[in-house]
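Undergrad: Fit chain B to the given chain A structure using the hints.
Protein chains in written order, with my numbering: chain A, -12 to 220; chain B, -12 to 220.
Keep in mind that the hints were calculated from the coordinates and are not lab data. Check the hints yourself; a few may be wrong.
Note that identical chains are pooled: a pair holds if it fits in a single copy or bridges any two copies.
What the hints assert, rightly or not - Straight-line Cα separation of at most 30 Å, BS3-like style, residue types lysine-lysine; simulated pairs:
#1 Lys160 to Lys180
#2 Lys17 to Lys180
#3 Lys167 to Lys17
#4 Lys214 to Lys160
#5 Lys167 to Lys203
Computed from a prediction, not measured in an experiment: that's the story for all the values here.
Protein chains: 2
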Amino acid sequence: MNGTLYGIGLGPGDPELMTLKAARLIAAAKVVAYPALERGDSFARSIAADLISEDADEIRIPVPMSVERAPAQAAYDAGAAQIAERLAAGDDVVVLCEGDPFFYGSFMYLFARLSDRFDCDIIPGVTSITTVAARAQKPLVARNERLTVLPGPLDEVELRSRIEGAESVAIMKVGRHLPKIRSVIDDLGLTAKATYVERASLPEEVVLPLSEAPEKAPYFSMILLAKGTDPWL
Amino acid sequence: MNGTLYGIGLGPGDPELMTLKAARLIAAAKVVAYPALERGDSFARSIAADLISEDADEIRIPVPMSVERAPAQAAYDAGAAQIAERLAAGDDVVVLCEGDPFFYGSFMYLFARLSDRFDCDIIPGVTSITTVAARAQKPLVARNERLTVLPGPLDEVELRSRIEGAESVAIMKVGRHLPKIRSVIDDLGLTAKATYVERASLPEEVVLPLSEAPEKAPYFSMILLAKGTDPWL
Chain A
-12 MNGTLYGIGL
-2 GPGDPELMTL
8 KAARLIAAAK
18 VVAYPALERG
28 DSFARSIAAD
38 LISEDADEIR
48 IPVPMSVERA
58 PAQAAYDAGA
68 AQIAERLAAG
78 DDVVVLCEGD
88 PFFYGSFMYL
98 FARLSDRFDC
108 DIIPGVTSIT
118 TVAARAQKPL
128 VARNERLTVL
138 PGPLDEVELR
148 SRIEGAESVA
158 IMKVGRHLPK
168 IRSVIDDLGL
178 TAKATYVERA
188 SLPEEVVLPL
198 SEAPEKAPYF
208 SMILLAKGTD
218 PWL
Chain B
-12 MNGTLYGIGL
-2 GPGDPELMTL
8 KAARLIAAAK
18 VVAYPALERG
28 DSFARSIAAD
38 LISEDADEIR
48 IPVPMSVERA
58 PAQAAYDAGA
68 AQIAERLAAG
78 DDVVVLCEGD
88 PFFYGSFMYL
98 FARLSDRFDC
108 DIIPGVTSIT
118 TVAARAQKPL
128 VARNERLTVL
138 PGPLDEVELR
148 SRIEGAESVA
158 IMKVGRHLPK
168 IRSVIDDLGL
178 TAKATYVERA
188 SLPEEVVLPL
198 SEAPEKAPYF
208 SMILLAKGTD
218 PWL
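The following block holds chain A by itself, in its conformation from the complex (with noise of 0.2 Å):
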C-alpha cells in the first residue's frame, strides 16, 4: 500500500507556534522533505530541527531563486520524484512548510505534482498575517470588515487600487518593494495606520510604526494597515 504525503504548516518561526498535530507528525516521520536555498539552509527545517529523528531520511529540495519560473519547476519536478519513490514504496512522507502549506506555500507545487497519485493530509499552520497582527498588537479583522491580503510583488497602479478600495491590508513578501509600497502608502496618506513587521515570531523580530521602518526589508516582512472603518466598539 502507498504511504502518505503530509504538508505539514510549520507556522511563522517560533517552534512553539507549531501545532500539536504537526509536532506529533514530524517526531513520528521516516522520511522528511523540505525545501532548502540552494546552497544554504532551510528555514523550514530549522522551525523543525528538535523534533525530526535522528534516525529520519531527509529528502532536501534546493529551490533556485531565479524570477524565471522553469528552474524551480524544475526541482520541483526531481523533488516530487524522489517523494514519489517513498511514497510507492510505502513510506509516509512529511514535507516541512514554513507557515501554511496552501497560503502562499511551496509544498502546493508538491501537492499538484502527487495528489492525483497519492493520498494527501495537509495540515494548516499559523499564518504570518495573524502573528504579525499579534505581536503588533492590532487587530486585523473585526464584525464585518473586509480583509486583503495582497503580495508585496504587485506592480504600483495594482496596489494602489487595491489599497484604496479595501479595509483591512496585509501586504506580504514586502523585501526590496518596500519604497514602492511605502510611497503607495504615503500618497493615499494611510501611513499613520500602518505598521512594518519582520520576521515576526522570531529572536530578531522588529515591529515599527512604517515611519520607522528601515530602508531595506528582510523577505519575511510585512506591512499590516487597518482602516478602522468599521467602529466594532
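TA: Just chain B now, with coordinates in the frame of chain A:
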C-alpha cells in the same frame, strides 16, 4: 505586580490544531476566561477542555446573540471587569479564543478594554480559512495571487462587487446568508469553482462542491472560491 492577559488562539476546533504554546499556557493557567452562549456551551472551552486544570478558576463570559450591539458590549464590560480584578491581584489570565484572537475574534473586545492598563500577549492560532483550504484540498493563494476575505452578512451588492474584483475569495460566517451568497456566485457563473465547508477539522465536518451544499448552513461554515487566475504551475 499586575498579571499578564493572554489571548490564546485555539485554532479551528480539532484540539490537535492548537499550538504547543497555547497548550502549555492553558495547562499552566490558574485563571481561564472564555466567551459562551448565554444559556449554553462555550465552543472555545470545549476545544481546550482536556488541558484546563481542575484547580483553575474559570471566568465564563455569556455573550448575548443579538443584532443590537449594546447587550454584547455590556457583557464584555462585565467580563473585562472580572478579568481586571484578577490581573490587578497579580494573577495571569488566559482567555480562550476559537481560531485566532485578532481574526474576527471576540477577544479584541476584551483587549480594547484592558490593554491600556495591563500587559497583553496574543498567541496566534490556526484560522478557519487555511483549515478550510486544507480540508477541501484546494490551495488558497499562490505566487502573486491576492486573497479577499469577506463576511457573509455583507449585502448582495457589496458581495457581488467584491467577488467580481477578486482572485481567491474566502467567505466566512456563511450561516443564514447561504442563499444570498449562492445566488451571487451563481449569477457570476463561478459556482463550479466554489467549495462549501462546514465545521472544518471537527468530526462532523462537511466538504462539498457549492452546487451540492445543503439548504441550511451553520454559523461555522465557509465558502472558498479560487478563480485560479495565476497559472502557478
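Undergrad: Within a copy, between copies, both or neither: which one fits Lys167 and Lys17 at a CA-CA cutoff of 30 Å?
TA: neither (45 Å within a copy, 48 Å between copies)
Undergrad: Please work out whether the CA atoms of Lys214 and Lys160 approach to 30 Å or closer within one copy, between two copies, in both situations, or in neither?
TA: Answer is both: 21 Å inside a copy and 22 Å across each meet the 30 Å cutoff.
Undergrad: Checking an output row: Lys160 and Lys180, CA cutoff 30 Å. Within, between, both or neither?
TA: Both: 19 Å inside a chain and 27 Å across chains, each within 30 Å.
Undergrad: Given a CA cutoff of 30 Å, do Lys17 and Lys180 count as a within-copy pair, a between-copy pair, both, or neither?
TA: So Lys17 and Lys180 fail the 30 Å test inside a copy (47 Å) and across (36 Å) alike.
Undergrad: Reference check for the pair Lys167 and Lys203, CA-CA at most 30 Å: within, between, both, or neither?
TA: within (12 Å within a copy, 46 Å between copies)
Comparing the model with each numbered hint stated earlier shows that hints 2 and 3 do not hold.
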